[in-house]
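Asker: Sequences listed follow chains S and H, in order.
For the first sequence, full-length UniProt numbering assigns the number 1 to the initial residue and increments by one for each residue that follows.
For the second sequence, full-length UniProt numbering assigns the number 1 to the initial residue and increments by one for each residue that follows.
Think of the hints as simulated: they come from the structure by calculation, not from any bench.
Heads up, some of the hints might be wrong.
Since the list can't tell identical chains apart, any single copy or any two copies may satisfy a pair.
[To be verified] Below 30 Å or equal to it, Euclidean Cα-Cα: the simulated DSBU-like pairs (lysine-lysine) are:
#1 K285 x K128
#2 K264 x K186
#3 K61 x K186
#4 K61 x K224
#5 K44 x K242
#6 K38 x K61
#7 K237 x K224
#8 K325 x K185
#9 K260 x K182
#10 K208 x K242
Protein chains: 2
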Amino acid sequence: MKRKITLKQIAKELDVSISTVSKSLRNSLEIGEETRLKVQAFAKFYNYKPNNIALSLKNRKTKTIGIIIPEIVHHFFSTVINGIEHVANENGYSVIICLSDDSFDKEVLNMEMLANGSIDGFIMSLSKETQFRGDFHHITEVINQGMPVVMFDRVTNDILCDKVIIDDQYAAYEAVQSLIDKGRKKIALVTTVDYVSVGKLRTDGYIKALLDNDIPFNENLIIKIEDVDTCEITIGKLLEDKAIDAVFAVNELFAVTIIKTANKIGLNVPRDLAVIAFTDGIISKYSTPTITTVSQNGIKMGNKAAKMLIERLESAEDEEDENYKTDVIETHLIERESTS
Amino acid sequence: MKRKITLKQIAKELDVSISTVSKSLRNSLEIGEETRLKVQAFAKFYNYKPNNIALSLKNRKTKTIGIIIPEIVHHFFSTVINGIEHVANENGYSVIICLSDDSFDKEVLNMEMLANGSIDGFIMSLSKETQFRGDFHHITEVINQGMPVVMFDRVTNDILCDKVIIDDQYAAYEAVQSLIDKGRKKIALVTTVDYVSVGKLRTDGYIKALLDNDIPFNENLIIKIEDVDTCEITIGKLLEDKAIDAVFAVNELFAVTIIKTANKIGLNVPRDLAVIAFTDGIISKYSTPTITTVSQNGIKMGNKAAKMLIERLESAEDEEDENYKTDVIETHLIERESTS
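If we strip away everything but chain S, and leave its shape as in the complex, we get (with noise of 0.2 Å):
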């Protein structure tokens, strides 16, 4: 059976990158025309054709939402899924899910086909890497077309388009002002080494409340950590010089190993030390002592996207309304055994 080319086989075959491949099919003008004109008479021979049945289903309207997520092994991200949901199916949507994992390449090629006359909209948080890149042809491309675009979480101000976030500086300002005024005053920042926007957010909002009470912000506090094995030897060392009396951690798998590296060293949480994690996953609500977290409500994000996509889906075609908003979730502080 003859297979269908695709869009990375082009690339793979030409090699060039699949954005070069996306761009020179649109016949962007950033590829230089050499590589366009080779791009399009590959693509012509082996007859791919982009969106051809979109295309032939232009006013056809499928009732699908299409979710692109960097991850799925995560809770935060599976809470908004099912936040989706519930609101999709109440208005008779169904609603399918691709994977990025991260990844610039795969969040183009999902996009790509789910395009293709499969769903009626996106909503979507951005991959890490497509945030570093700050490449968002594919997103325009698809909004250019006529197809409306929800952004969660991970967002970018270089899309016009409508946005669900939580006020990540604010949420952070909130955990580490209730450590203040439980007397805190070594607190540290757990977080990630990454290109992640709300990253930034978040270390504002920490500074911010040490500012506001007058504790003088100290840069060795802020400890940015590559993954969870080298979490529990930075922070042993802090917690061995006393160095730090709280910590407020962006996930709950940071606080959860900081809690048992406290323990080890004999330690207790949260009478030597105070534990806040951002997310509020299930490991938080199981794990001994329990976590004080920042809930990011997840389900509420993911209604909220999906009412929002969902109305510009039903608005009527000549009243389309390019006023997009952005819409805050509010955040609240979940008190549990790790701060009490």
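Go by the hints and put chain H onto chain S.
Answerer: Just chain H now, kept in the frame of chain S:
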């Protein structure tokens, strides 16, 4: 814009089930003539055309695999998806995921949607409701249309297709045997009240291990629990009566709840109570004490399911193989603090 009518809307308008609409449109003799003709007339009037895209695309390959799973906030299914993705991507396939939410109707709708030209084949785990009903017509239908299906974990003998399972009976046997080897004699099985086939197999393995070791089987030690809240109450009573010295729990939420309950009444895990959980999720790795588990090996299961599907998709049409295989993934015990 005129909306496309969906199976669901037809079902609602005519006040019949989705299954009835689906079967009527396929002219199944299971449905009475009156209903069948009414559904067909209604669908025709609203221009509903089942699988009309699929027809136009009969010989076109999408290089996409459709996955249908019962739920997403579940570490096991997430890891299976990662396993599928890995092998699919290596072979140039993309992956689309839909959730049944353990609902029969959603499973039928998802398959209908994806079979409409979006994918080349399915990898699926049955919803609880589908297993309870024993209605698999939607799966038979896609297989008859020439679309291969691979089932994993929650499978049925009523459908001939490739399957990937674990030996649930042996896995339970091995776990209970390991508790007996450590001198435990009053071993409870904590399981769910459900219709999932694996539940019975695990119970069989539990009973066989007891009998092989000349430990009398006590029906009162098989505890069927509705949810995590009732788990605490039921187990609390058994622990206070000193009726048990070990527990084999079918999921890690039960296991961690049992450990917390034991701690509350002053019992020590593992000294007074040894605990093993089925499923290797993240809670077990991070709880205090860490929990011994029977690993379901989701990654390997996903790898294998993807390999089986891709082999079938890429075999030449003239050598189509009707000899379906059932692959049994081996489990292994991951010993941690809760039994040491």
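Asker: Work down the list of hints and note, for each, if the structure agrees.
Answerer: Hints and how they fare:
Taking the closest pair of Cα atoms, K285 and K128 come within 30 Å of each other both inside a single copy (28 Å) and across two copies (26 Å). For the homomeric pair K264 and K186, the shortest alpha-carbon distance inside one copy (20 Å) is at most 30 Å, but the shortest distance between copies (32 Å) is not. Taking CA atoms no more than 30 Å apart as the test, K61 paired with K186 passes in neither setting, with 56 Å inside one copy and 59 Å between copies. Within a single copy, K61 and K224 get their C-alpha atoms no closer than 46 Å, and across copies no closer than 45 Å, so neither meets the 30 Å cut-off.
In this assembly of identical chains, K44 and K242 lie within 30 Å of each other by CA distance neither inside one copy nor across copies; the values are 67 Å within and 76 Å between. For the identical chains of this complex, K38 and K61 are inter-copy neighbours only, at 24 Å across copies versus 35 Å inside a copy, given an alpha-carbon limit of 30 Å. For the identical chains of this complex, K237 and K224 are intra-copy neighbours only, at 14 Å inside a copy versus 46 Å across copies, given an alpha-carbon limit of 30 Å. For the identical chains of this complex, K325 and K185 are neighbours neither inside a copy (38 Å) nor across copies (62 Å), given an alpha-carbon limit of 30 Å.
In the homo-oligomer, the alpha carbons of K260 and K182 lie at most 30 Å apart both inside one protomer (22 Å) and across protomers (27 Å), since each shortest distance falls under that limit. Only within a single protomer do K208 and K242 lie at most 30 Å apart by alpha-carbon distance; the minimum there is 24 Å, versus 54 Å between protomers.
In the structure shown, a violation is registered for the earlier hints numbered 3, 4, 5, 8, in ascending order.
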